Amino acid sequence: MSKTYYDPADQRKFGSITEWSEELGEKFFEYYNKVFEEGALSAREKSLIALAVAHVKQCPYCIDAYTKDGLQRGITKEEMMEAVHVGAAIESGATLVHGVQMMNKYNKLSM
Amino acid sequence: MPTQSLKRRNSDLANPIRQLEYLSGGIFADGELPTFRESLKKYDLGELKPGKLEILQINLGYMCNQVCEHCHVDAGPDRKEIMTRETMEQCLEVLRSTGAHTLDLTGGAPEMNPNFRWFVEEANRIGVQDLIVRSNLTIINANKKYYDLPDFFKENKVHVVSSMPHWTRGKTDKQRGEGVFDRSIQALKALNERGYGMPENDLKLDLVYNPAGAFLPANQQDMEKDFKKALLEDFGIHFNQLFAITNLPISRFLEYLIASENYEDYMYSLVEAFNPGAAARVMCTNTISIGWDGYLYDCDFNQMLDLKVKHPIKHISEYREDLLKDRDIIISQHCYGCTAGAGSSCQGTVA
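If you read the sequences in order, they're chains A and B.
Quick note on numbering that gives the first Met the number 0: the first sequence kicks off at 0 and runs consecutively.
Quick note on numbering that gives the first Met the number 0: the second sequence kicks off at 0 and runs consecutively.
These aren't lab readings, by the way, just hints derived from the structure by calculation.
On a predicted model such as this, the values are computed, not experimentally measured, just so you know.
Where is the CB? At the ideal position from N, CA and C, for every residue including glycine.
Watch out, some of these pointers could steer you wrong.
[Said to hold, decoys possible] Per label pair, the in silico range of CB-to-CB distance:
(1) B/K188 to A/P7: 41 to 47 Å
(2) B/D325 to A/Q10: 42 to 48 Å
(3) A/K56 to B/E177: 37 to 43 Å
(4) A/E78 to B/E88: 50 to 56 Å
(5) B/I125 to A/L40: 48 to 54 Å
(6) B/I257 to A/V99: 52 to 58 Å
Please model the entire structure based on the sequences and the hints provided.
What follows is the structure, encoded as C-alpha cells:
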C-alpha cells in the first residue's frame, strides 16, 4: 500500500493537537473560531479569503475545508475561482516585484 | 444524474434493510463514531417520545414527474404506489378526531394523485388551519391538466411549499434535471400573479433549500436573504420563508454519498454538528407520517426505510392518538440529519 504525507482523514483529527498541549491548543482554536465570526467582514467574505490563502499556502486540508465551507454558504464556483486568482495574482506579483531588485542590482553592477 | 428510481434499476439500495445495514455498519459498528442512540444518551435525552400531534403528513404516492438525484422517496414517473380514496377518507377521519392544526401533503408529486383535488377540498371543509402542499413547481406546467393548479391552490387557500435548491440555473438543473430551473421560475411567477408570496397577502409561498451535494446547509436566515435578493433582482419573484433542510443519508442521496466516496465525511459532519437542542425538538415529536397505503411512521424518512411505528397500531384505519403517544420513536443513524446544527425538519430549522 502506498503511503503519502497527507491523509484526508487527518483533517478530522485537527482538534487532537490540543491533546499534547491543552492550553495552547485551546487558545488557538478559540482564536481561530473568533476570527471567522461575523465582524467588520462578513463570514462569507472571510471564507473566500481563507480559500485564497489556502491555495497560496497550498494546504490541501484547508482547500478541502474552505471549498466545503463555501458550498455550504452558497458561494458559487465562479466566486471561488476568482478568489483563487486573487491569491495567484498576489503570489505572482510578489515574485515579479522582486524583478525591481534584480534590475537595481544589475544596474549597480553594470558600468 | 439517474433517470430512473433505485427500485426500477433493481439497485441493492432499493431495499430499506440494506440501507439500514449500511447506516449501522462501518464507522458506527466499529465505534469510530457514536450511534444516534449513544449521542442521545450522552445528553440524557433517552428515548424519543411523541408529544401532542400537531402535523399530519400524508404521502399521496411516490409517482413524480421529476427524478431528483437526492430524492429520499426514490420517487419518479416509474413509481406506481398511490393512495386510494378509501385511505384518504381514513386520513380525513383522523384529521377530524385529533384536531391536528396542519395537514402536510407530500409525494412524489401529490398533485398526480387522481383524488388530490377532492382530498384538499374535503380537508378544507373540516377546517384545518394550515393546509400545506409540497409542490415541485414543474408539475404546474408539466401537462395541460395541471395548468390551473395555481388557481386551485388559491381557491383552497393552500400553503404552497416548493423545492428550490439554488437561485442559479446550473445548480438547480444538476440536482433536479435539465430545464427544471426555468420551469420552476415560470411556476413561481404564476403563483406570484395569484398573490402567492406577495407582501401583505395571506397566500403563503415558502421555498425549501436543500444542499446540492455532500455538505450541510448554511444558516437559514442568511440563505433566505440571499435567495430573496437574487430571485427578486433576477426574476422579480417574491416568496415568504426559506426552509433550509439537511439531506438525510437514505435512498438516492445515500447512493450518491457512497458512489462519490463522500459517505464517511458526510456522516462525520452530521455527527460533529449534533445539537442536543435540536434533538429535543425533532419533528417526529409533533408529526405523524402516513404512507400511501395508510401505514403509520414516525417521520417521512422512517417511511422510506419501511420502519413502521413501534406499536401494535400500525395503520391509519385503527389510529388512536391516546395509545400511539406511548410508543418509542424508532431511530437510526439517519436521524443525525435532523439534529445537525440548527436542526432540520420539513418546516426548516428547529433550534
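Here's how the hints hold up against the structure:
no., hint, result
1, B/K188 to A/P7: 41 to 47 Å, "44 Å, holds"
2, B/D325 to A/Q10: 42 to 48 Å, "44 Å, holds"
3, A/K56 to B/E177: 37 to 43 Å, "39 Å, holds"
4, A/E78 to B/E88: 50 to 56 Å, "52 Å, holds"
5, B/I125 to A/L40: 48 to 54 Å, "52 Å, holds"
6, B/I257 to A/V99: 52 to 58 Å, "54 Å, holds"
Figure legend: structure checked against the earlier numbered hints; every hint is met.
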